[in-house]
Amino acid sequence: MYQYDEIDRALVDARTAQFREQVNARLSGALSEDEFKPLRLMNGVYLQLHAYMLRVAIPYGVLSSEQLRSLAFIARTYDRGYGHLTTRQNIQYNWPRLVDIPDILDHLAGVGMHAIQTSGNTIRNTTTDPFAGAAADEVADPRPWCELVRQWSTTHPEFTWLPRKFKIAITGSPEDRAAIGVHDIGLRLIRSKAGEIGFEIHVGGGQGRTPVIAKKIRDYLPQRELLAYLTAILRVYNLKGRRDNLYKARIKILVNAMGADCFARAVEAEYEAVRGRALTVPVEEIGRVSAFFAAPPEGRSQTTPPAAPGYDRWHGVNVKPHRVAGRTIVVIPLKAPGKTPGDIDADQMDLVADLADRYGLSEIRVSKEQNLVLPHVDESALESLYTLLDGARLATPNADKASDIVSCPGLDYCNLANARSIPVAQQISRNLHESGLDAVAGKVTIKISGCINACGHHHVANIGLLGVDKAGQEVYQLTLGGVADGDAAIGKILGPGLNAGAAVKAVIACVRVFAEKAAPGEAFTQTLARLGAAPFKEAVYGV
Amino acid sequence: MKTITANRLTDGRVVYRTIDEGWSENATQALRLTPENAETALASALEDQLIVVDPYLIDITGDVGDFTPTGRKHVREAIRLTGPSAGSTKEIAHVSIR
Chain A
1 MYQYDEIDRA LVDARTAQFR EQVNARLSGA LSEDEFKPLR LMNGVYLQLH AYMLRVAIPY
61 GVLSSEQLRS LAFIARTYDR GYGHLTTRQN IQYNWPRLVD IPDILDHLAG VGMHAIQTSG
121 NTIRNTTTDP FAGAAADEVA DPRPWCELVR QWSTTHPEFT WLPRKFKIAI TGSPEDRAAI
181 GVHDIGLRLI RSKAGEIGFE IHVGGGQGRT PVIAKKIRDY LPQRELLAYL TAILRVYNLK
241 GRRDNLYKAR IKILVNAMGA DCFARAVEAE YEAVRGRALT VPVEEIGRVS AFFAAPPEGR
301 SQTTPPAAPG YDRWHGVNVK PHRVAGRTIV VIPLKAPGKT PGDIDADQMD LVADLADRYG
361 LSEIRVSKEQ NLVLPHVDES ALESLYTLLD GARLATPNAD KASDIVSCPG LDYCNLANAR
421 SIPVAQQISR NLHESGLDAV AGKVTIKISG CINACGHHHV ANIGLLGVDK AGQEVYQLTL
481 GGVADGDAAI GKILGPGLNA GAAVKAVIAC VRVFAEKAAP GEAFTQTLAR LGAAPFKEAV
541 YGV
Chain B
1001 MKTITANRLT DGRVVYRTID EGWSENATQA LRLTPENAET ALASALEDQL IVVDPYLIDI
1061 TGDVGDFTPT GRKHVREAIR LTGPSAGSTK EIAHVSIR
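Chains A and B supply the protein sequences, listed in that same order. Heads up, the first sequence is in the numbering used here, so the first residue is 1 and it goes up one at a time. Heads up, the second sequence is in the numbering used here, so the first residue is 1001 and it goes up one at a time.
Take the hints with a grain of salt, since some may be wrong.
Which residues of chain B face chain A? A partial, calculated answer using Cβ under 8 Å [stated by the list, open to error]: (1) R1013; (2) Q1049; (3) V1053; (4) R1080; (5) S1085; (6) T1089.
Once the Cα atoms are required to be at most 25 Å apart in a straight line, the calculated SDA-like pairs of lysine to any residue come out as [as the list claims (entries may be wrong)]: (7) A:K165 <-> B:D1054; (8) A:K537 <-> A:A519; (9) A:K37 <-> B:Q1049; (10) A:K470 <-> B:M1001; (11) A:K320 <-> A:A295; (12) A:K248 <-> A:N238; (13) A:K193 <-> A:D487; (14) A:K37 <-> B:K1073; (15) B:K1073 <-> A:N415; (16) A:K443 <-> A:R323; (17) A:K505 <-> B:S1088; (18) B:K1073 <-> A:E33; (19) B:K1073 <-> A:Q48; (20) B:K1073 <-> A:Y46; (21) A:K37 <-> B:R1013; (22) A:K443 <-> A:A489; (23) A:K165 <-> A:D261.
Read the hints as simulated data drawn from the structure, not as lab findings. Small disclaimer: the values here were computed from a predicted structure and weren't measured. For glycine and all other residues, C-beta sits at the position ideal for the given N, C-alpha and C.
Please model the complete structure; the sequences and the hints are all you need to start from.
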């Protein structure tokens, strides 16, 4: 994985020292809250219902074991013993004191981490496939390009005060696991007919109160021109994007207003002005950055059939094929029955770091499904790994299953939320396990958001729940048919809103219909397309 | 009936305005306000920007020392009053050394 150089270290150290001064200025009264708020947000510090929240960047979801141990240390020392993994592949702490945050940032800087640009109207953490560099179906590794985008976008003076926040995702595989269709910019690495690697460019996707699937504006861009083309897109957005209305400021609104063709022409005009010049990435630089992401060496195959109870089911669900012989990808769902989706305690962080050192080349990934991934596990170690994960409640066999629920923190923590997400997710999870439905239902995604900002990605869930405030009561809208990856789609509302208890029953009813009526191997959306919404509506509303 | 709540500047914790124009995490000490004196009390609370962030009025009901949030945001304020209703904060022992 990428290692900070002197430039990275100097930048992060300077920013940490600067934020310490800003905190002191706020505490002394030299800065008012109105003056301080945009500064703390630029450093990932929110003020939530009960406390400050610190969002730490995990660039494109890649962590070393040393970094994960440091996150555990921070959880124990400055928080309440756990962290929450987000759908943007970052980690949040729910309880840090403002007066401690400069020290936390010092600890993070010591292991090459920070909280820069995890909030604010700027370019956020670029996300990617959690299996990048390991996936058997990969055309090209997206991580070097994620890293180049990170370096280009970090404290970029032209793009620090955009009309709204800006999110980029890159996939290197035909099977999109990065949800590029619902990002401001979605990039797909492809191979041209001539055998050259480049990018397919999608723009204007997003969730929130106006969910939109991104439009493809370029079939092929030579990879060296990526930063020039991103600059062109951002320049058009920065110039023409609306700043008068918070709810109409995302690029998806601009692309819709201009029309995708017109927007693409404006981008191409900007691109002509910058292409082939300073923003063209030198071949040597691509090579230098790519060297940090070299393929792992071959591992050793299993020599004896594993016999541990539960191993076969765990292997069938949580272990994925790797591109290198003798290696496998292991998903560690943070979704034990009834657990808070995405939360991991400090002891579990330390254990996963140790297991990564022992069996997985010291590397860990965070997925947008709020799980951890060991991307390079030696196949001969799988049974030992399973046994140790199982002992820490980290071997629930539910990766991509119904109980692999994605959930935002909701009204239990978040200042923006209108309804609770966590207790609803916990109840659905318990019911799925206790009923046995989780084991028999095929691939189906359930995602829950506590407000229209859609941090829980409910729009692109096969079964989505959106919590809203209706005259002071928590009410949940149920949507069906959303898809995050591949051919992205926005779910459609099934019927009237439900209270929390009814929403839990409704989700279970939908999973049951799927389990009973799906053809062998059929995904939820295929069943829904074949049968229509009627059987689901009947199961939920009795009509 | 109303009271005033805010988040403490140094650590973000939920606090309530007290009778002696201080701030306390202990909700039983929360000031009781009528519609007539609420705005005046809020104006005074807003001057404490070195102690708290963004004080605001909330609707409450109940006896002195034991109030229940009411009104449109009653669920939100109840969660602020008693802590998260679910999640790891309730499940994991508090291990912070601070």
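Right, here's what the structure says about each hint:
1. R1013: Since chain A brings a Cβ to about 6 Å from R1013 (chain B), closer than 8 Å, the hint holds.
2. Q1049: Where the cut-off is 8 Å and the nearest Cβ of chain A is about 6 Å from Q1049 (chain B), the hint holds.
3. V1053: This interface hint holds because 5 Å falls under the 8 Å limit.
4. R1080: holds (5 Å)
5. S1085: holds (6 Å)
6. T1089: For T1089 (chain B), the interface hint holds, since the closest Cβ of chain A sits about 6 Å away, which is under 8 Å.
7. A:K165 <-> B:D1054: This hinted pair holds, its Cα atoms lying about 24 Å apart.
8. A:K537 <-> A:A519: This hinted pair holds, its Cα atoms lying about 19 Å apart.
9. A:K37 <-> B:Q1049: holds (13 Å)
10. A:K470 <-> B:M1001: Cα-Cα ~23 Å, so holds.
11. A:K320 <-> A:A295: Status holds; Cα separation ~17 Å.
12. A:K248 <-> A:N238: holds (13 Å)
13. A:K193 <-> A:D487: holds (23 Å)
14. A:K37 <-> B:K1073: holds (24 Å)
15. B:K1073 <-> A:N415: holds (12 Å)
16. A:K443 <-> A:R323: Status holds; Cα separation ~23 Å.
17. A:K505 <-> B:S1088: holds (24 Å)
18. B:K1073 <-> A:E33: Holds: K1073 (chain B) and E33 (chain A) sit about 24 Å apart, inside 25 Å.
19. B:K1073 <-> A:Q48: Holds, at about 15 Å.
20. B:K1073 <-> A:Y46: holds (20 Å)
21. A:K37 <-> B:R1013: Answer holds: K37 (chain A) to R1013 (chain B) is near 17 Å, not above 25 Å.
22. A:K443 <-> A:A489: holds (16 Å)
23. A:K165 <-> A:D261: Answer holds: K165 (chain A) to D261 (chain A) is near 23 Å, not above 25 Å.
In summary, this structure violates none of the numbered hints.
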